[in-house]
Amino acid sequence: MRYTPGLINILTIFSLITSRAPAQSIDEQNLFRLAQTYEQAGQWETALRYYKDLFQRQPANANYFEGLRRSYTQLKKYPELVAFLEGRIKIFPQDIMIYAYLGSAFFRMEREDDAYAAWERAININPLNTSTYRLLADQAIDNKLYHKAVEYLLRGRKAGGNSLLFVPDVARAYVLQLKFDDAMQEYVNLLLENPASLGEVERQITQFAGLPHGIEAAERVVKDACEDHRNNVTLRYLRAWLAMERKNYNTAYEVYQEIDEMQNSNGVELMNFARRAFDEKSYDVAMKAFQHVAKKHHDQHYGPEAEFFFVRCIEVINEQNDSTVFHSDSGTKPTSYASTEAVPSYAGAISLYEEIAYTYPKHPVGLEAKYRIGYLKFFRFFDTDGAMSILQESSELRRRLTGNPDGDILIGDIFLAQGKLDQARDQYQRVTSMPILTPNQAQLLTFKLAELDYFEAKFDDALQKLQPLSVNSNADIANDALLLSLHIIDNRKPTDAPLKEYAHAALFERQRKYSEAAAILQNIIVNFPSAIIVDRSYIIRASLERKSGQSTQALETLQTFLTKFPESILRDQAQFDLAELYQTTCHDKARALELYQTLLKDFPNSLLSGEARRRILFLRQANL
Amino acid sequence: MKSIFRLSFLSIIFLVQINFGFSQQKILIYMDIPQSDHLKAYGIAYWSLTKGFDVDWLLNYRGGSFMTSYSPVVENECRVRGVAFTAIDGSTAAQIYAEVQTADNNMDVIKLEKAPKIAVYVPPNFQPWDDAVTLALEYAEIPYDKVWDEEVLKDKLHEYDWLHLHHEDFTGQYGKFYAQFSTFPWYIQTQAMYEAKARELGFKKVSDMKKAVARTIKDYVAQGGFMFAMCSATDTYDIALAAENTDICDVMFDGDPPDPDCQEKLDFSKSWVFENFKLVKNPYEYEYSDIDMTPTLGGRPDGDYFTLFEFSAKYDPVPTMLTQDHVVVIQGFLGQTTAFRKSLIKKSVTILAEKKGTDEVKYLHGNFGRGTFTYYGGHDPEDYQHQVGDPPTDLSLHKTSPGYRLILNNVLFPAAKKKQQKT
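These protein sequence lines are chains Y and F, in that order. Under our numbering, think of the first position of the first sequence as 1, with each following residue one higher. Under our numbering, think of the first position of the second sequence as 1, with each following residue one higher.
Bound conformation, chain F alone (with noise of 0.2 Å):
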């Protein structure tokens, strides 16, 4: 019996390396706990594939490691990031693959091909600290340009496979920060700004433009793009979307009153994630919708940890790309949207991570047309509970961040080759 397990494993191990041919030395960058800068190693994956290497992802192995042949130049650039790594030589190569490869553990092999074009969806007077996904990228050195309403409009979408929404509002409510801050000229200068740019594209009003611009991406997704969304721009792109054929806006916000049954005339249908959520009218309230469910915590990080769902490796790969991790409870943190409420979601959308006993959701994907989107809670997942005008997050500080690999993740995953679905 033992021997025959042997040779049956060996069997394995061979075939592998056939499958592979990795003869050669490998790299090893291990995703666990004792890597050095978790960050930086999405950056070096990305890199990697700029400069022609091959990387693999492994799926559940120590944490989501990645492998790449070895070179010299991929070892020297992870010395020079500070990312640890491990030269292995083919034969150990050969036995982590067919530990991934092993039908019993839950890990998988995902070859990463081309790395992706990235958009970044935000206004020209941006600051790259403003939003955690392009602190992200800025650290992990990982490039990517900016798009705004007119690019989008413009039909620029389709040169890039990944496109991240800043925590804009596309309902056309300026973040409802009316009663706060309609008085600071950031504000105003923001009112203003977007409003010459709606007229400058043919808009009557600014609400009425980022409804064109959330079809244009709703679009773009359906045509296999990857969306990525974090804090407001979740819940405000699904309401703009439910409320295509009705006005929610206040007259402080576009002009005119928004229409008495605008609640009825949601149309939950156009919605990718949310259904039958109640709008909040009131224009002076800093909140949307019931979606979110900041005002239910209590401001306060004690205690405020989400769990990672874990999900087939082999059957399900594209969850278990957007869930690796080194840790599967990671510390929660706020934002102008926090966590989504259960009740509201729609059954076809898969939960990635949730506040485990509570109705929040944190994170979670989905599937629209030819592509995929993804919405994570909160604004930075390093500062607990980040202010307007709060000092940018210093990510040399949080090299480890969990919160931060999960953006992360989101950009390695349509390097992804898409492979035959097991059955």
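With the rest of the complex left out, here is chain Y (with noise of 0.2 Å):
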């Protein structure tokens, strides 16, 4: 708080005035207020004279010694201040906090033997005491003398005959000084003596981790500590911990197995390891951790759990190595849509799926596997009747354990696969009246119910069905319903008759039935020249082409299309798809290069714009 001019003048009146009064102790009491207020308005000269004024009146008063001592030490007027310490020594000469004063007095004038010396004469009272080592490690903080700290505290301890003295102190004090191996050296003692204060350690550690070699550090003694101790857990949890914090999954699991033995924890330790590592993405780790449970210690509670989750790391990291599937990472999209690429490493996933859902079959973790390999065999291998024969076996019971309906829902996808119109509506319809559904889950069987109506051409139906959605923008199916309304409404005009059979191609396109719904688009093609929808059925029939291996007819139809529309809306669509067909099918990266870059010019605001610049950074980098 600042005091203005005014208030300090009114202040200076009521002293003058209170002054006269006839008790003494009210004047001084106005004088120590006064004084008060003009240090905290920053005007110290001032200060020190009514802060002399009252030192001499009473030169035993603790309050205007450190008054007069403040006002010294911010006016800088060291000389006076060691002059007035050592009088005040003379008085009381066991007083060690003179002595830590007299000592920062003489640092900051530069005379550092003077300023020791003087420290040395606080310790001289009473080498014993340990409080003046800490005070005076404070006194050599404050001054920046952080090595100065340092000898103190461990001094004090020596005095205080605990090896455990300081340690938070003496620690800080090496990091300041950037002597992190040092001050991991004094936790590891810590740790050592009291397991309990791990979490304190830790806590410590993140407030020198992000400087550069501060984690290293703690790493290498731990590491080290660890050898020099092999029975010690609570050295092994803090090494852990710090590989975590490094994303060092992979020691972390070493450690954790040492620590899940020496603990005789019967895996518990591993588990809750291996949950985090899967939490944090680190598969291969947390996939070696599950494996490990579930070999060991299989009979206990959560054999069953590693077990799955052992399963589900191997699917994710098939699912990361499969070329069928869409990775957001590496902004590649897939290279072909063949399912049996995906075969072998699938086919693993679900034979052991199996033996899960065999060895556990009303457990949780048994219906899960049963809903995985439901899954699996629909989106890996289109098997609809193996997804089906288990989701159905597997599907209520999992929703009335769990509460998840996800397997009833892809139940009526997999009808849909199968042609099945009805029953997939009937089952949709099933599940929409399930209290259970959360919002996105009610409002993605509505549009899964309006695709229904669109495949079957009941195109009021699908747009009624799609109108609350596309104007819900917290849906996450809007931007769906909207292009599906908009693609709808859009291909109507003059005549329903084409997006008929866009639409039957759709639904064959969705059962898999690619030279199908290829052959229904070439009709389109045919038939409807003049319609709107003719252009992506060209778009639309090179990516079924694709998809069933046919890239080089699919290079034929998108370049047939770009001869014969050259004032189609879809030419720069016809271009990405033409140069992504030579990057990911052809393996023609200059091609595909000179084709990205043929877009950007022919095509400059396209929406593709940006993946395409995207790509060409890719491909450039590639070719280096």
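Rather than coming from a laboratory, the hints here were simulated on the basis of the structure. Hints may contain errors.
Cut-off 30 Å, straight-line C-alpha distance, at most; resulting in silico cross-link-like pairs (DSS-like, lysine-lysine) [stated by the list, open to error]: (1) F/K399 x Y/K601; (2) Y/K179 x F/K211; (3) Y/K77 x F/K211; (4) F/K197 x Y/K76; (5) Y/K601 x F/K51; (6) Y/K589 x F/K399; (7) F/K265 x Y/K77; (8) Y/K247 x Y/K223; (9) Y/K76 x F/K270; (10) F/K146 x Y/K179; (11) F/K205 x Y/K76; (12) F/K278 x Y/K76.
Each of the two chains sits in its own frame; use the hints to bring them together as a complex.
Structure representation (structure tokens):
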């Protein structure tokens, strides 16, 4: 708080009036308040004057002494301060605080030796008093003398005969000198004696973990300590924590294996670690940890969970390596949609899920395994019968145990893929009536029902269902709903006929009947040459050809489109698809690069230009 | 009369053609509103210079456009980076040059000669998103090196044409974050790192080291360097220069109290931009002096706009270059130092932008020795109230940012060939 000159004047007048008051204590109190007011206002010279006056009246008063000392210090009147403190020492020769102040005053006068001598005098009063060392260390830190602070603290520790005295202070003083190894050694010593301080030590380490070489030093020291103390579990917890802080889950796993054995925890420690590794997407390490628990501790209550997540890790790793799955991280699209390419790896995961499902038929883990089997069979192998069979067998119980209707929704999708539209509709409607649905799930089901209408050429019904989804911008499905609505509206004029054909082709595509779908699209091209939807029919036809492995045919379709439709608004999409075909299917990077560049040249305002630029940069780097 | 005019116009075109020799095609990277990515356009200009292409900066022509010799390579690079351009034939280019050169138009052509070598003054633990300039450089794909106290004091600056000062605190008070953040790991780590570096370099105090750094930078500018500072690097740099002979740091910063007469001991003849400013001595107050006008703003973007001054392109090419933009009124943005108090600015300094009707100056420029300096108030032109720990600004969402353009004007400005000043 700042005091205005006006306020100070009022206080001055007040003090003059009250100074005539008979009671000396009241006069002193007012003077003291005045001195404090000037001090707070940063008017140190005036404050000094008042404190001097007060001190002369009562030299024994600790407040006046402190005020005077602060004033000398702030005014950097160090010679006067030294004289003042020396005088005080004569009165109170046992007051270690005065020696501490005296040392600081000397140090600020650049009289280092005198400073240390003054502090030494404080120690000599009672060399066994550990508080003195702490006090001097604080003074040293205030003066940025971190090495002296360490020295005093270590001497105090020795004097007190307690090897753990001042550990956090010593460590902090080391950190301030960037001596991380020494700081960590202090924490290691603390943990050896007091394992309960692990949390506090971790908190302290975060104070310097961000400094260059800080966390590396911490890891190094703790690793050495673990080797020196082979039975110490706390050090291993710290080592594992440090490794995980650096995302080094392999090391953390090794350490947790040791911890698990040392603690005789029967895999509990490893399970906890594996769950964290899984959550952090470190699937390879999580897989090893889950596998270990599943093998060695399968009889424990968490054994089934370990088994399931072991397979789940395999599935995720397979997916990461699966060229048929879109990976947003690498920004690459599938090279091919041929499901056969994915068979061997997923087959392994499915086989393991089947074992789990067999072993734990009524356990949530067994039911979850069945859902994963159905999911993989449908999405990776398009085995609709296989997927349907296992989902129908398990979904209801799974829903009852976990409250999750994913399996029921998937059954509807499979009916649709099998061409059983009525059954799909019944299934979606059945799920829609379930009270457990989240708003997102409910909206997704409405969209699926609208899609069914679209496939069956009931365009008005579809639009009616899509309308509330399209206007709800908070809905996850809003964009899809909007796109389908626009697609329907744009292509109904002058007649529904080509759109009906197109919707039929879209249904075939959903059923992975690519040849049939392509044939229908060809019909649209031939029979409705002036329809707007012809342009899109070319693009989708090429995509279907690509999905069924006919990349040469797909190239031809796109090139024909580009030649025949110089005015189409989908030319940029065709150009992009062409480039992508060369990039991912033909593996002709040079041609792909050229085509992406042509896209930028011919369609500078295309919505695809951003992605084209990203791919150009990717291909350039790949060519380096 | 008409024929005389036509004749002289053709003569100009002819002369310009001779002067610039552009019978060949050109690429015009226009910088007015239709430009799709103003920020990357600077990157293209820089990249073109590194590849040996001529680049002319057409001051005040369509927002400060760039013209390069036609090359499919440049054309392709523009497309890849998403920079809009027009390939024009020789005669169209000649007409543009003629229009720019006409005495009646407040335009001029500045030839950019070489890609300036750029250094950014940042601490070792710095992240690119901590600072608007590095964000802009990264986005525009303009390469830069990082330097810090050690490199500066070991005389590495002479290797660079352009130096940007991060939002550093040259007064040695650690950004005056003490009251709010002194117990936070990042603050403790910063202090430990700075103190260790000061000790290593032979300084008792961080503030002494920072003063030495400030002096070295001053020498660098005196010898012809270009210095650009933003946010708190601006006022703290000037304060550090003025406080060379006194101690303004309180005990928690440097271990001893400030000089009680530090205000009186400020030497304003040593500072570049500000004079007669009052220090904020309270160590718990997040402010260095009364130079900054942040506290007078309400912390609201509504109505917070600053206006660029217009300069004579032919007579004042430097301030003209620094104020090239596609708009003249720009959304303001806060920083630790947001805007400068006009009444404290020296007369020798050129004000480039201010908040109309107030005492707030946003952007200024001056010369020192053979070099120049530019100060730009605020932290991030596209994040109105950037806070410690806020996520980085994604410049791909602000491709046409007029506030960021001012930063990039400074980056290209050292590339300009010095012309004989018109008299």
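Cross-check of the supplied hints:
With a C-alpha separation of about 19 Å, the suggested pairing of F/K399 with Y/K601 holds against the 30 Å cut-off. Taken as a hint, the Y/K179 and F/K211 pair is honoured in the structure, with Cα atoms around 26 Å apart against an allowance of 30 Å. For the hint pairing Y/K77 with F/K211, the CA-to-CA distance comes to about 24 Å; that is within 30 Å, so the pair holds. Distance check on the hinted pair: F/K197 and Y/K76 sit about 26 Å apart at the alpha-carbon level, within 30 Å; holds.
The suggested pairing of Y/K601 with F/K51 holds, with an alpha-carbon distance near 21 Å, which does not exceed 30 Å. Between the alpha carbons of Y/K589 and F/K399 the distance comes to roughly 29 Å, so the proposed pair stays at or under 30 Å and holds. Between F/K265 and Y/K77 the CA atoms are separated by roughly 17 Å; this keeps the pair inside 30 Å, and the hint holds. Note on Y/K247 and Y/K223: the hinted pairing holds, with a Cα-Cα distance of about 16 Å set against a maximum of 30 Å.
Taking the CA atoms of Y/K76 and F/K270, the gap is near 25 Å; set against the 30 Å cutoff, the hint holds. Distance restraint check for F/K146 and Y/K179: the Cα-Cα separation of roughly 25 Å lies within the 30 Å cut-off, and the hinted pair is therefore satisfied. With a C-alpha separation of about 17 Å, the suggested pair F/K205 and Y/K76 falls inside the 30 Å cut-off, and the hint holds. Of the pairs offered as hints, the one joining F/K278 and Y/K76 holds, with about 21 Å between alpha carbons and a cut-off of 30 Å not exceeded.
Hint check: no violations occur; every hint is consistent with the structure.
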